[in-house]
Amino acid sequence: MMQESTTNSPFRLAAWKWAAMIILIFVFIAGWIVPLKPGIIKVTPDRAVAGEMMVVDVIGYNSFYLTDTTKLRGWLRLSGDTVIQAHHIQAWDDRNLSASFYIPSVFPVRQEAYPLTLVLDHGAEGTSILPNAIFITPASVQDTAEMKLWFRDKIEHVHEKAGVQYPFRNILAETIRNTYFHVPMWFCMIILFGVSAWYSLQYYRNADIDFDRKSVAFIKVGLVFGLLGMVTGMLWAKNTWNAYWSWDVKQNMSAISLLIYAALMVMRSSVEDDMQKARLTAGYNMFAFVLLIPLLFIIPRMTDSLHPGNGGNPALGGEDLDNTMRMVFYPAVVGFILLGLWISQLVYRTDKLKGNL
Amino acid sequence: MSVKSILAFLLLMIFQTAQAEGESTPDFIRSIGKIYVVAGVCLIILITLFIYMIRLDRKISRIEKRQKNE
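Chains R and W are the protein sequences, given in the same order.
To convert, take the position in the first sequence, counting from 1, and add 67; that gives our numbering.
To convert, take the position in the second sequence, counting from 1, and add 14; that gives our numbering.
Among these hints, one or two may not hold up.
What the hints assert, rightly or not - Interface residues of chain W toward chain R, partial, derived using beta-carbon atoms under 8 angstroms:
(1) Lys48
(2) Gly54
(3) Ile59
(4) Ile61
(5) Thr62
Unchecked claim - Where chain W lies over chain R, by a calculated footprint (3+ residues, C-beta under 8 angstroms):
(6) 231-245
(7) 248-256
(8) 302-313
(9) 408-420
Just so you know, the hints here were simulated from the structure itself, not pulled from any lab data.
The beta-carbon is built from N, C-alpha and C at its ideal position, and this holds for glycine as well.
Could you put the whole structure together from the sequences, leaning on the hints where they help?
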């Protein structure tokens with residue numbers, strides 16, 4: 068870049084580098100300014116006894132309850148179509164409302180406690196849901212005639228808010244935006260390590276020291292991106308899983324794969340002879356990349372994990388990523404990969420200059 | 015480089031725990047729908063990449079200096 072700028076205009080740069088910058092600027096802007104859909108943060112009281120009238124106070128997030136109060140409807144859902152509708156809903160301001168429900172004294176199923184999901188629908192603002200909002204303890208006197216109350220109402224004609232928004236998820240809330248920043252770090256790391264393994268293979272084919280230089284540059288930058296993925300993931304985990312490190316299988320396996328590559332760099336610095344260093348690196352590097360596949364893609368899927376996309380959890384294609392998020396997520400992945408390739412290229416060019424002197 | 019980014023992370027951690035102890039209301043980083051977690055993640059990425067670029071810049075300057083001396 069420096070050499071080009073001294074002879075040519077400073078704006079002469081390969082098209083894919085421009086693409087990297089423009090895509091990342093788009094990702095940072097869209098990732099930050101697009102609002103979330105309305106959600107429900109808190110419901111009080113969160114406990115009640117069946118067979119009584121109850122009034123719940125609801126605190127919303129990004130909600131505009133006052134825009135048209137006649138369009139507000141609310142339900143408590145036990146499961147599927149087993150719901151009761153709110154008798155009356157009173158909006159106090161855009162983020163606070165009260166809803167009254169009569170909880171029937173009998174339930175279609177027998178349990179020790181009944182977790183009910185609160186569903187709110189607003190004609191203009193769309194639907195918001197809080198799972199397990201209220202826990203109901205069974206009534207002492209049960210009136211079987213009230214059973215039909217559960218099947219009288221249905222959740223129908225719900226609305227979707229118009230415009231571009233990211234979904235609201237409980238616990239995640241605004242941190243759903245981290246999908247555009249934390250996840251592409253790992254995508255980028257895997258691509259950089261893959262390119263590095265490919266150059267290692269090239270070194271085996273024709274023992275040119277330049278291929279070794281290339282593969283090492285990509286490992287160096289890949290390690291930086293892997294470390295970024297780990298640190299950003301830990302900060303995210305602290306605020307959603309409540310611990311920086313939960314010894315989750317995904318966390319452990321990604322730490323192991325980073326350690327394998329860190330060990331490669333340590334091994335390199337301990338070998339004196341350049342040719343031997345290059346040969347050892349090439350072998351180890353291809354082996355390390357092959358190991359990444361079981362460590363990052365197979366083992367975490369075989370057991371339970373807190374991390375989305377693994378055992379017991381929905382995969383990335385499911386509920387975690389809707390079509391609006393895809394419009395930012397895919398550019399984010401491409402942008403960060405291009406940035407990683409760019410930085411690796413600079414590192415390689417620097418190392419080459421250093422080696423030639 | 016890694017030492018510096020770990021330091022930056024530790025600073026953020028200290029900031030977070032200090033905030034949590036300072037007030038009884040929900041801690042700062044989790045207020046407003048946890049938006050400060052996103053801010054923290056973006057800052058970690060940007061600061062780390064900038065530090066890496068600065069290091070690379072210095073390395074190139076050293077090579078240029080050596081080239082001039084020869």
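Hint check:
1. Lys48: holds, 5 angstroms
2. Gly54: holds, 5 angstroms
3. Ile59: W/Ile59 check passes; min Cβ-Cβ to chain R is 6 angstroms, inside 8 angstroms.
4. Ile61: violated, 10 angstroms
5. Thr62: At about 6 angstroms, which falls below the 8 angstroms cut-off, the nearest Cβ of chain R leaves the hint on W/Thr62 intact, so it holds.
6. 231-245: This one holds; 6 residues, not fewer than the three required, reach chain W with a Cβ under 8 angstroms.
7. 248-256: holds (count 3)
8. 302-313: Since 6 is at least three, the answer is holds.
9. 408-420: Since three or more residues must qualify, the claim that chain W covers the region 408-420 of chain R holds, with 5 doing so at under 8 angstroms.
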